[in-house]
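These protein sequences, in sequence, are chains X, U, C and Z.
For the first sequence, the residue numbers in the working numbering are 1 to 420.
For the second sequence, the residue numbers in the working numbering are 1 to 419.
For the third sequence, the residue numbers in the working numbering are 1 to 226.
For the fourth sequence, the residue numbers in the working numbering are 1 to 247.
Don't read these hints as lab results, they were simulated from the structure.
Cβ atoms here follow ideal geometry from the backbone N, Cα and C, with glycine treated the same way.
Please note that a few of the clues may not be correct.
[Claimed, not checked] Among the chain Z residues that face chain U by a calculated CB cut under 7 Å, a handful are:
| id | residue |
| --- | --- |
| 1 | Y163 |
| 2 | E167 |
| 3 | S184 |
| 4 | L185 |
| 5 | R209 |
| 6 | V211 |
| 7 | T213 |
| 8 | K217 |
[Said to hold, decoys possible] Just a sample of chain X residues kept apart from chain C, beta carbon distances all over 12 Å, derived:
| id | residue |
| --- | --- |
| 9 | F12 |
| 10 | Y68 |
| 11 | F76 |
| 12 | A93 |
| 13 | S125 |
| 14 | F133 |
| 15 | K166 |
| 16 | E265 |
| 17 | M318 |
| 18 | V341 |
| 19 | S347 |
| 20 | N382 |
| 21 | L387 |
| 22 | Y392 |
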Amino acid sequence: MKIASIALRNIFRNKWRSFLSLSAIALVTFTIVFLFAIMEGMKLDQRTTMAKFATGDARIRNAGFEKYQFIAPEEFMIPDYDKAIAALRADPAVETAVGRFQFPAQVAVKWEVIFGMNWPGETNSTLATGLDFSDEKSFFSLASYLVPGGRLPGQGEILVSGGFAKKFNLKPGDSLILYSGGTWGQQDAVLKISGIVALPLAQLNVNSIYMALSAAQNLLLRQGQAEEILIRFKPGVAVGDAVAAVRTALARNGFKDLDVKPWNEIGNAGTFIDLASKIYYFMAFFFFILGTTVIINTTMMVIYERMREIGTLRAMGMTGPEMIRLFFMEAFFIGAAAAFVGVILGSALILPLSVSGVDFGKLIDLGKTNLDISDVIYPQLNLVSTLFVFFYSTAVSSLISFIPTRRAAKIEPVEALRSI
Amino acid sequence: MGFIITLAFKNLFRYRRRTIITAIAIATGVSMYIFIDGWLQGAQAESVRNLVKFETGSARVVNTTYWEQKDFLLPKYDIPDPAPAEAALEKAGYTVAPRVTIFAEASKTGGAGEAFTLQIAGIDPARDGKIFDFANALTPKGAVYLTAGRSEIMLGSNAADRLGVVLDDSVRLTTRTRDGVWTSLETRVVAILSTPDPIVNNIMGFVPLDVLQNALQMGNGVTDIVIGFPEWLDPDKETAAINALLAPLPGSSDYVAKSFNDLAPEFGQIAQSKSGGTKIILFLIFIIAAIGISNTVLMAVYERVREIGMMRALGMKNGAVMWCFIVEAFGIGLVGALFGVILGVFAELYMVNIGIDLTPMLENMGNIGYRILGVSKSLWNPDTIVTAAIVSIIFSGIMAILPARRALKKEITECLRVK
Amino acid sequence: MVKVNHVVKNYTIGKLEVHALRGVDLEIKDGEFMSIAGPSGSGKTTLLNLIGCLDACTGGDILIDGESIGGKKRDERALLRRRKIGFVFQSFNLIPVLTAYENVAFALSLLKTGPGETRERTMKILEEVGLTGLEKRFPNELSGGQQQRVAVARALVKKPTLVLADEPTANLDSDTGREILKLMEDLNRTHGTTFVFSTHDPMVMDFAHRLVLLHDGAIVSDKAKK
Amino acid sequence: MTIKRSIWLALLVVLPATVFAQMTAEEVVRRLEKNEVYTSSKSSGKLLITNQFGTKTKTFTAASQGAEKLLLEFTNKEERGQKILRLNDQIFVYYPRSNSVVSMQGGALKDSIFGSDFTYEDLTGEKSILNLYKVEFAQPSTETVDGVQCYHLRLTGITSVAYPFQELWVETARLVRRKAVFFSLTREPLKEMEVKETKEVSGKIFPSRFVITDLIKKNSSTEFALDSIQINPRLDARQFSLERLKF
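The task is simple: from the sequences and hints, build the whole structure.
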């Protein structure tokens, strides 16, 4: 009689309990597979979001911008923006390059009319951005964040972010008075809200407004200038090399004093993503521990329950290592089957979700309106990590049986026989 | 019922080993849940934490007019005698640190340096450190913290770069006194602050409170009384409590307490809009913990089908048998939850106060000067601790129902035959 | 041949020291069919466990086929049991997931017996214990007597020097008990296997060819009957 | 050189000193301020604002009535139509593109006007030096500034004034401001004002061009130049009202 087949039969002996063990391990495996996919998705989301909204694969700004951004940012624009964009697009490594114009603005959302003039009441600080909507189609496509009922802004119009709209109860068709001042003076305009965008980044959704790049340039009397140009490189392009090429190309085209930075050198973008993924890995580790304790527990229960049987086997002359092998086999069979089930279930769930995305914001927080941030995350199924989870789950759930089994092997047969 | 409870508890002790195993499973689940929730909250609250520890404090008491004009930081609208309010707050267990916060033009003394507007805070070197964490952000080597009475300044790293100053350089601050009189102050740079808070790095400078009060002719007046309270407390509730606490004090109608949510409203909103991803992680953790708990409780009950048969054979009613098991499972849940909470709290104690330093594992650390960023810490989560404990206890009890009911459906003889 | 030399066994239960055996000397010759009897608590089971290498002596020594078991390690004792000792338990203790056949064959598989031989020996012994036709049944599909027959077969299949049976009939009705004893007696005769069983049942004592009486951990009488 | 001529020269040098030496410092200031009082004015001019990032020109027309009412309207391209109205201590800014009026209050008054060295606050407040400062002569009491002889006065704030110390140079001959340096409480020089040109209209002498230099910031100065000025012209009093800001 082979130990393996005894082990196998033991599994079917108490179907309920085996089912429980199996489902526990399978669920743990499933959860970990899912968790990994979510974390991978979150990482990707973070990276793409950052790239979309803030950094691109690389960002070009005036070299003086950083130093003077708090006192006179508008003095440090990229002149001849069109020429720069043309030069960039000529670079074969560049997929797309877009110019943006960001500026702080005071916005009056309510006003009274006295003597035929508007007297602003409630005002709020916002960050306004001018974008080239047609260039941005494949970059930061505001159209895809539009709340139904809105459209992209035309002349004299703007988009407002969901959080901002919610705070001041704004809807398309409402107007705002915008004031934006630089060192040299203050400019103003009445702008009509053409639509509301629910943006996936809290910072942006809270208080941003968007208008056409040309409108922003005109408003701030900065025709032909942009604050920054974001570049997306073609897939497979090494960012470091491409950035160097961009620098050369710009210099060749007569641009001086421009600062080209790859995304991971902008602010702490790289570090934050790095940090986040490290934290996720740690959490996955604790996850494993938690899952592992479930497995240990089950095995321990099984062993205590079968104490008398252990005694009999010992009396029949089974040695400690043989005992351990028996229980190990049992754990291994359950573990492998469970890990398999878990991985299959997990993958089966993730694959469709990785295409459709999951809006966790909506899923969990039912109090949300469509003006709120959409927490759409696209879980990413990674073959390597999934295989890893399968082997890990199997290994852990079988190896872990050593802990209680070793104790069982040490129990004197007399004791084992005496227990009920 | 009393009998059932007695019996249930006797069983708990009789099957001590099983109780312990099951309780350990529950404890692991509970503690892990508490731990990960705290950590996730900590990771999520990292930006808020940085805000609180470097920029705003937990709350502040300010003059109402100062608050209305907060874009201008006018020392004219101060709290002339902060002592009674400070005493009242300290008595109530809050940490307090008085500050004077103003705008000033700063430039390097003696050079043709440029002038930049900075936000200058006069801080009490002894008390400020109890709320703020600048002591950990001092760079470069040789940097020291401010000393009261000395005309010294600690500058945000980017601000220092802009001004072109390094350690021991002199910085002239030009600003207006409480009464609007232009004045200037020569300070010596004793530290460059490299913090995770961009506002501090970019536009802030710190000088000793007494020096600034003197320069601004403010007497004992301060513009803010910064309050520190543990980060797991609800900032808005605490702020309401502080306002109530200050109400009976003379002149209190001029002051108002503002929580960090008010002090940095955008941050507050960001913090509130928790990302769904972390919620799903918690949900998954809960599932695993629940599996662990249910698994062991189920087994504990299955193991004793024979006992159920025996109890019924002795003439116990089904309901009573059921209750007996439920109470026992509650008991196990209770023990497990208790240990889980203790374990979780200990783990959090470490994670809240020390945290895990991920710095050595970070690849892109090159451009960051501060270590604090790499240290991942937890946030106290009393709500979760209580919820996790209660849910696990109730859950354990409920989990006993299923197998007990199955056992009760069986014929007594059948039960007795089970081994 | 088993030689028990002045064996002492003490247990500590809590703070209380229990003297289970207080110096027992006993010699069991090959082919004996012997009963160790005595009231409960007299040390029967302890003595059997010690002889069966399930437990270690506090003092004295036991020799099996001239081999001392005192200094043996846990797994060495296991191997010794595997080769030389068969057990029959009061509550049968069959492996519930194995059929009657497999339960018996399992004992041989531990000795790494080849498949052909295993099959032959197993079928033969099952026939001898009168279980032909019930080989494929699982323990819970067998009556108590049948289960004990399987247990006896399992103990004997490996041709042990010694079969130890701790109250083998205690869980059986008297008719079945007698059948089992009869079976063991037959096997003792045909195979020449030494049988040592403990009991406090006078009917069982009657079967024994030699009766050792234990009282308070010491032998009070030792007489051959047949 | 004849004796006669040398006497004249001596007279020229000594006379003012002897004649006006009897004047107290307060008297100098009183005479100075008397020149600056008129019931109404109308002017147009420009501001040349220089900071570290470059220079911009803003043109404006201004009308004032008494010391309490002032209306500035910008006429340069960027801020065309923007108006600043002062009524007593209140300041209103009118933005034509959004047809809106913003009332400047509190800290906003300390904001610079279009990046110049003027703040909105500078348009308001108590004007008489003697109410705010203790005035005394420096030693020596006269000094030449760009070849023009001036009284050198030291002003010490007696109430809380923005600049607790000032040094003021007043032309001895015409008793108009020539130059001023503004100091902080710690006697750090913060700003300097220098009159470059003056114009006489209806018996009053106006500084038609002066420069304010920020001494803390590098390359920061504002030049104020009047193209035309009318004293006590006929003014439509209603233009200093909120109702009419729009027009």
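Hints that the structure is at odds with (numbers, increasing): Those not satisfied are hints 2, 5, 6, 7, 9, 17.
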